[in-house]
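Student: Chain by chain, the residues:
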Amino acid sequence: MKSLSVRNLNVWFGEGPDRVDAVKAASFDVASGGSFGLVGESGSGKSTILRAITGLVPTWSGDIEIDGDHVLPKRGRAFYKMLQMVFQDPYASLHPRHSVDQVLSETLQLHGFKDIDTRVNRLLDDVGLGAAFRFRYPHQLSGGQRQRVAIARALAPEPEILLLDEPTSALDVSVQAEILNLLSDLRTEHKLTFVMVSHDLSVVGHMCDNVAVMRDGEVVEVLGIEKMRRMEPDNAYTKHLLDVSLNYASS
Amino acid sequence: MNLLDVEDLWVRFPTSSGVFDAVRGISFSLGRERLGIVGESGSGKSMTGRAILQLIRPPGRIEAKRIDLQGKPLLNASDKEMRAVRGSRISMVMQDPKFSLNPVMTVGDQIIEAYRLHNKASRRDARARAIEMLEAVSIRNPERVLRAYPHEVSGGMGQRIMIAMMMIPNPQILIADEPTSALDVSVQGQVLGIMNQLVQDRGMGLIFISHDLNLVAEFCDRVLIMYAGRIVEVCEADKLHEAKHPYTQGLLNSLPRLDEPKDRLEALVRDPEWRQQPSVSGLL
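Residue numbers (numbering that gives the first Met the number 0), protein chains in the order written: chain A, 0 to 250; chain B, 0 to 283.
Think of the hints as simulated: they come from the structure by calculation, not from any bench. From a predicted model like this one, the values you see are computed outputs, not experimental measurements. Treat each hint with caution, since some may be false.
[Claimed, not checked] Residues of chain B placed beyond 12 Å of chain A at every Cβ, according to the derived structure: (1) Q69; (2) R122; (3) G154; (4) E235; (5) R269.
[What the hints assert, rightly or not] If you anchor each label on the Cβ, the simulated ranges turn out as follows: (6) A:D208 <-> B:D7: 24 to 34 Å; (7) B:R60 <-> A:R135: 28 to 38 Å; (8) A:S31 <-> B:P57: 52 to 62 Å; (9) B:R115 <-> A:S141: 35 to 45 Å; (10) B:P57 <-> A:E231: 53 to 63 Å.
Don't be surprised by glycine CBs; every beta carbon is placed ideally from N, CA and C.
Here chain A stands alone, though its shape is the one from the complex (with noise of 0.2 Å):
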């Protein structure tokens, strides 16, 4: 189990007059084991703190430590084997030509495992697909099955932190249920530290014990999930938020 902490994180697109501050000076902490979530609309800047812990977005300035040590710009092996992450499109994040066991064994080998043949299989049952999915191709497969071998993918490396960019959005409600309580289980097998991000405030008050709000690149509120249950939040845009998720007839 790992701890993640952001403190005055910045990133941006484009220079002179064409930039745009995408996050601006986000500061959270995850607790070792936690489960954290971030809300907000759609350019709210949430998914792009993901991909910049990730290393996905090279500009960014601020810190990001997990356990107390620096994330360098440059990240290595052992940052990814650490930390992984799962894509809100499972229809895009897979290579169409590549079967599952091309998917999961590339991961292995990138990683340096040996025993790749008992990893897939076991791979492939943590997730409950089983080994008969194993040479399928993503069009052979479902959305929520996809989404599945998503999962597995970024489980393949053992890592401790997983970040998770809208898991669900791309499924059917009862594919989501499926997911979020798979994800659930194997947070508490695997010993996971989540983060993740959503536009569905139900999604996350099921799924974290944090959340922060954020809009137009700014955090407005880090508070308990306890309390965005009671509809008690300190600020006035994340009751927005709760009162139009929760009632679409009165918005």
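We have chain A; now place chain B onto it with these hints.
Tutor: Below, chain B alone, put in the same frame as chain A:
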């Protein structure tokens, strides 16, 4: 008279392994109301919407006992007759404005083109009407938006532009296929509010296709629940939470809720029996 009556509608696609039935004999009517169609992906809800406008391409086939628009049969209408129906009498708003707006035309040109297709009007009049419509869907700066290209507007605004474009010919029926799924909750509220107002002010019928049960329960008057190409249940929207069919209940229970936290969500267990049950009629 009902705005629309559909009886025993089938949508079939021949495949290498036999004919696949996407919609299997459903019947429903639409009055001056907000009719919701909910179901999972693959349940045939979008196909139903497309079949009404005959937007299923060959080799796909539409079969039905009848599809009547205000008592007049639409089934077997020629392409020319269908073109007169599409847009001016029945309009459709698709899921993602990114894919339904032309990326290389300004928003204004697209709305003006749509308007002049349906009405004899000068460019100037069409432009004035376009601005009026954009104002009707609460776009604050219509002059600027008219000059903008689709990539320069946000998703919520794009969807409002689509709705504006669909409303110009004053259709009697609007089919909205997941109109708010690509939008944020706060923008979603605005778009729904606009559609609601248009339905009430103009006495339109709305077919609202969505996978979001809570949304449909709050927004619609009557709901059809579809599973595997059939209607498994028809109920009043405000009674959706008392739905009887195990599939509807399963869908409702699988939603996480802020006010009722639980450790595990209930995954839906599908009964093969549901596929075989006869389709429930949604005729009025």
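Student: Just pull the numbers of the violated hints for me, sorted ascending.
Tutor: 3, 5 and 6
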